[in-house]
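Peer 1: Take the given structure of chain A and dock chains B, C, D and E with the ligands to it, following the hints.
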Amino acid sequence: MPQLHVENVTLTFGGLNALTDVSLTIPAGEIVSIIGPNGAGKTSLLNCISGFYHPTRGRITYGEHDLSRAAPNVVTGYGIARAFQNLELFRGLSVVENLLLARHTHLRYSLLDSLLFHGRASRQEAENRAYVERVIDFMELEQHRAHPVGTLAYGIQKRVEVARALTLAPSLLLLDEPMAGMNVEEKEDMVRFILDIRREQGITVVLIEHDLGVVMDISDHVHVLDFGQRIASGRPEEVSADPRVIEAYTGVSEPVAVGA
Amino acid sequence: QKTVTIGWSGAITGPTSDAGSNYGAGVEDYCKYAQAQNMVPGVKLNCVVRDDQYNNANTQRNFEDYVGNQQAAAFLGYSTGGTLQLKSTIQETKTLTFPGSYHIGNIDQPNADYIFLPISSYSEQLISLVEWVAKKERGAKIALVVNPSPFGRAPVDDVKKAATRLGVTIVDVQEVGGNNLDNTALLKRFESAGVKYVINQNTAGPVANILKDAKRLNLLGRMQFMGAHYTGGEDLTRLAGDAANNFIWSTSYYMYDEGDKPGIQLVKKVGAQYSRKPDTIRSVHYTSGMLVASIAIEALRRTKGDGSSAAMLKAVTGMTGSQAFNPGFTVGPVTFSAKDHVGAETLRLLQADATGNFKAITGPQRSAMFKLVHPN
Amino acid sequence: MPASRFTQTGNYRTGYRQDQTIFATYAEQASLIALLLLLLLLPQLLPKTVLRDVNMIMIYAVAVIGLNITTGYTGLINIGQAAFMGVGAYATALAATRWNLPFFVAIPLGGVAGAVVGTVVGLPSLRLKYLYLAVATLAFQIIFEWGVGHSPLLEQGGAISLPTVQVFGVRDTFLNHNAFWYYLILPVLIVLALLWRNVLRTRHGRAMIAVRDNDRAAAAMGINPGNSKLTAFMLGSFYAGIAGGLFAYFQKAVVIEDYGLHISVQLLAMAIVGGLGSVPGSFLGPMFIVALDRIMEALSQKLGGANLFPAGVDVATALRPLSFGLAIVLFLMYEPRGLANWWRLARLYFKKWPFKF
Amino acid sequence: MTAPSTHPSPLHAPPAAPGDLTVNNVEVVYHDIIQVLRGVSLTIQAGRVTSLLGTNGAGKTTTLRAISGLLRPENGRVREGTVSFGGQTLSALSGTDVVKAGVVQVPEGRRVFKHLTVEENLRAGAILGRGQWHADLERIYTYFPKLPALRHKQAGYTSGGEQQMLAIGRALMAHPKVLLLDEPSLGLAPLLVAEIFQNIRTINREEGLSVLVVEQNANIALRNSDYGYVMEGGKIVMEGDSAQLASNPDVKEFYLGVTEHGARKSFRDVKSYKRRKRWM
Amino acid sequence: MSLLPQLLLAGVVIGSIYALAALGFVLIYKSSRVINFAHGQVIASGAFIAFALTQGGLNFWVAGLIAMAATFVLGMLIERVFLRRMVGQPIIAVIMVTIGLASVIDGILHLTPYGAGSFSFTTPAALTGTGLDLFGTPLSRVQIVGVLASLALLGGFTYFFSRSTLGITMRAVADDQMAAMSVGTSVERVFALAWAAAGLTAAAAGVILGLMSGLTIGSLTGIGLKVFPVVILGGLDSVAGAIVGGMLIGILENLAAGYLDGVVPGGGTREVFPFIVLLAVLLVRPYGLFGTKEIERV
Ligand SMILES: Nc1ncnc2c1ncn2[C@@H]1O[C@H](COP(=O)(O)OP(=O)(O)OP(=O)(O)O)[C@@H](O)[C@H]1O
Ligand SMILES: Nc1ncnc2c1ncn2[C@@H]1O[C@H](COP(=O)(O)OP(=O)(O)OP(=O)(O)O)[C@@H](O)[C@H]1O
Ligand SMILES: [Mg+2]
Ligand SMILES: [Mg+2]
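Going line by line, the protein sequences match chains A, B, C, D and E. Sequential numbering of the first sequence, starting at 1, is according to the working numbering. Sequential numbering of the second sequence, starting at 1, is according to the working numbering. Sequential numbering of the third sequence, starting at 1, is according to the working numbering. Sequential numbering of the fourth sequence, starting at 1, is according to the working numbering. Sequential numbering of the fifth sequence, starting at 1, is according to the working numbering.
Okay, chain A solo, but in the shape it has when bound (with noise of 0.2 Å):
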């Protein structure tokens, strides 16, 4: 599975350095943790790499592929899927067909094939739904499997969005503050899809989130962002040491308690 590079990444919005020569680099099959105050530039370093922004300076490779000038849905094509920090999905649509959307790039017949809808269309279209189902399974989503998305609770819209990016069957996803307004238990469950993501499928997962616990239980790296710079990164328990990181954002002046 690629590597992701983030090489000396700046990314300005007129005068304002959103990032600052940053470099970090995930490697594929850990789960990688983004923190950092707000205004950090964590949201636009995912952006740069999803294609939403297009670094100033800088490169950004995942394997073989330079993401740095692609369009987002050119970095989805290369297994490059994520999840929004406030949520975009299709409101109207059900969770079938939100999911079914992200089948988009796995389908490949053309539109001549749609219109007439033959052989080929069909038959791709009921292995797709077959697909979706089986992650409609695996995110718990199917009580809720036809109602449109607009409708269901914030929590559960959450999740439709993890399920939604995991359905592009991505080798890298990208979390945007899956747990950003959740309890405590609601936080269980997203973390336990999350390390259950990562055990059976292999995917590499970077996790930008606020709640300090969260990242110091499951990710295996964290990396720390301040106006736009890498202030610091290494294991959770390295990284919570850290003065800087202390200072610049948990203002806690002793390590976050790992959990017993």
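Pair by pair, the computed Cβ-Cβ distance ranges are:
id : chain 1 : residue 1 : chain 2 : residue 2 : range
1  : E       : T122      : C       : V116      : 51 to 57 Å
2  : C       : T49       : B       : A36       : 26 to 32 Å
3  : B       : E258      : C       : Y183      : 54 to 60 Å
4  : B       : N38       : E       : R80       : 53 to 59 Å
Just so you know, the hints here were simulated from the structure itself, not pulled from any lab data. What you are looking at is a predicted structure, and each value in this text was computed from that prediction instead of being measured. Every residue, glycine too, gets a C-beta built ideally from N, C-alpha and C.
Peer 2: Chains B, C, D and E with the ligands alone, transformed into the frame defined by chain A:
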């Protein structure tokens, strides 16, 4: 008593409805009047006036209804596009048709055996104006301003040909539509090109705006503005005010203030009888509507109520020589024959005076040049 | 399988393939056959003037399906659909008169011309959003009308007459004109509607809907939003082009006024009243608008004769714009999902009948 | 989750004082069919900070909307019960009049005016103090010293924490007596969460403002409030002084995520037995 | 005298009228994100109300003011009866409502004696005759008053939106209605006010247009269409954009008429040229010259 249908389809609403609504009223009122006078003995006239909103699909539907379902003896049309579109159907159904659009293409072959223009075509009207100019000033520079539509563009080719033969130059042909809020550029360019005559083929609104701008730019004395049938009349003087002074207009109709003419007396009488507003009665389009209705009804009368197309065609093409029809709305009689599909082809040039009334500056005449540039 | 296919209580779906079918239940299939029969006999059952309206409705329906593809399903507001019809109409007319091609080639060519022009006009949609795109299509409408008016090849918008059509020895005449074209337009409409229904079940259709709902998320799903938008424009104006070609033949001549802005507005109104993003709505909308217009016309005819109102007040002429406008406004205010929603409710009702709950 | 089985009794909600805002047995339905609140009663005591905890979808936001009159635009309606404050029945008033009565809500997700500058955002909040907005601006800037530097920046481009401060500041421009905060910590980094709550405390102290804060982050909410309510399935299931709530074993497990012994549970130990099916 | 300065001058004159007509558009869009296809009809209503009043013997100026008051109320009514229910509906639906309204108002105008035909104000004595002669182009007093009135209204609204609290509130409502409600803004009042103000400016535009080019229902309502290139060029939500856009379109039209018409057979390029420019501008600046760029962060 048998019922015979005569159907009109035109724009009571929508584009050009300012003319169309009065035109339709003229058709309707003349019909009622004819019925009241029992003009065609033994026949109940069923005149249907329908709004097609200047939409050709509606025109065709009305046509199908009149001709297909009600065996109409004549179809009274209105718009240029609608009439052009219907030509092959008119030919196929042998329906006597009198359009409100005086586009020469309406009676150009093929498919023109049953179409008759009530008065002279736009081409002839404009060429008359060009002739007037040529007589006044050899080598004069003329600009044409036309409506951006098939209606406006209709006479351009003929006029160009005529101008060459008459020894005047058409310096420029410009399209100006209803949204011309400012004509400075147009007029200034005409001025710098040495244009002294501006001939319009348009509706009154755009022409009025041009005249007002010309007045502001002190060009009225230096350029003579002129126009074909739909540019002039009451509408123009109402809109342009004193900027319409000296505007020269070519039309076949008598004016409202020529109260001694029997046709105008009839217009006033009928208008009052069916309580039309004064503006409607004064409008030349009301007279136009009455003219086409009168032609169709006269033809029907001459067939003794036989509205069949063969009989109607015979009656209409028989309106020639001593059999010409003269309802008095136009300066000349309405004459038709198998070769002649133009009714009242004599026209006059009129000029607006300081009070806004149009006064004849020529007698009834025909354009000699028109026949030459547009042989049938 | 139950003992008899006809006594079973429902159609049970046992595979995802079955889930894909459009006409799933036997009741639906039976009513479909009945409907087809009815449609075949319709010209015999209807008065001629009504049949003309039916033809108009069907031509509009083709254009409205196209409009729904761009505006209803893909969310690209298009105020220039009549101009795309015009492109098809002029292409068809040229093909028929200059190259003497038969109508069954000329009309598809109209569709292709529509698609080509549509794709080009759709290019700004790659950058523009919402109203800005709407205004770009409006600009196209105006440029189109102006361009035709300045093109001698197209008679500057004056009439280009089409040759009379003959099929299996039957000629298009004044007397059979409406029935003749009914049998030609109907299959075209049915095929085009089914083709679009097919697209809707597939990745191309879904992608368009995704782009409409959230184009950023669509991109994250691997959908190229630009591609989808262009495809939508291409398909939508292909349909418009076909409608234009049919209309050209049906009207017997192409005249620029038939493809003006007001027709674009009317098509939008049809799509809205029918229900945006709905195939049944694409039929119901034109039906409603045409029927409304006929009723109002008849009514104003009555009122006009009645002299009920003071001189100078023309109630009759006000009725049509008034009712057209009110219909749109009231639908949007009280039934924003359009007639298609009534259709859906009616079907639900009959499906469950006699059990109403 | 399972509801805490015991409702602490006796209820020690103090009797309503004159400045209190009381919610009395309120039921709310959306679209006339979806019932979300099933008889909620609570009191925002004058001059104190009250917190409202609960799972996703419990109806916390709905409760705030019922108080602030913002249900109507969401197609919701108070079907039963009343909200009263200072002798006025808020549930009968429009959103504008509720603000005039001195109750202002800071909406969930901040909702700053993205295209307006920071300063314009604050001015847009000054619908009651129009004449004195200048002085009010300065007042807000002293509470949130980060804001003056951003005054001409478009609010849409400021960071999450800055937006939250701006949203609170904007609400304060209307001189409220009661401030309703909906999940102020949502998506904020720990340091900022602490800062925001500090600010809330300061304002509460200095202006004598009553505050109702809805939170998922029970930890910080209970630490920074005087009294707390726990809500589930559209009902209040628990209430008490904040300290007392924080020591309740159910609250500890489900909201604070600590084991009985006070140690934090590890997320690595999530209950995988919950998974019913294997995938692929 | 060379042509260019005259063309520019004529462009500015007509452009300021376009700007005034566009102002109403912008007012509504700025506060409620509604694009009003019925604006031309409101302009026509204002003009005909004023005309009817002068026909009734009223002084021209008084009639103009009453017409402005009447369209102020008309705007408010439209918002109240039709648009208020549309809050939260998709844009296409709202656009279509205004298209429907355009047709409804058209119908109502047809109910009046002014539904068909052309009319013209009796120009008040103070406005007859030439006012100024610039670059050899005489400007009528009507034109001068038109330009001044447009600039005054445009300037006033520019100030209003950037400085006054109410102006800021209106922008806030456009940005996020729910949030505006949460701070106590009456969104309904803001919308009603925006529509009312738009109505008022529409009547002003209608009366000036009527003075300049007569009253014909078709060409008055047609201005509603002409305004699109203006607002798109300037940016839909910018008053300053309306001014600049108006002037630019006015000038471009005149340049087209002055230089292109001579080259293009048939001319009439002023009718399309603005729209071609519009397309070109949109491709380079999708939000117009001064429009607010939508803030999109994922
Ligand atoms: N489209 C944009 N245009 C201008 N500035 C932007 C844009 N997107 C982000 N920024 C700026 O870049 C900086 C980094 O923002 P980003 O969203 O990446 O932060 P973050 O670390 O994800 O914060 P949070 O934890 O609040 O989500 C901020 O100052 C933000 O205002
Ligand atoms: N506008 C609405 N229309 C219909 N249902 C709604 C609406 N708003 C909320 N609901 C429903 O009401 C219930 C309670 O929602 P509410 O937003 O009050 O919960 P909450 O406790 O604030 O949750 P969260 O922690 O996710 O913000 C949810 O099931 C939600 O789906
Ligand atoms: Mg972020
Ligand atoms: Mg909430």
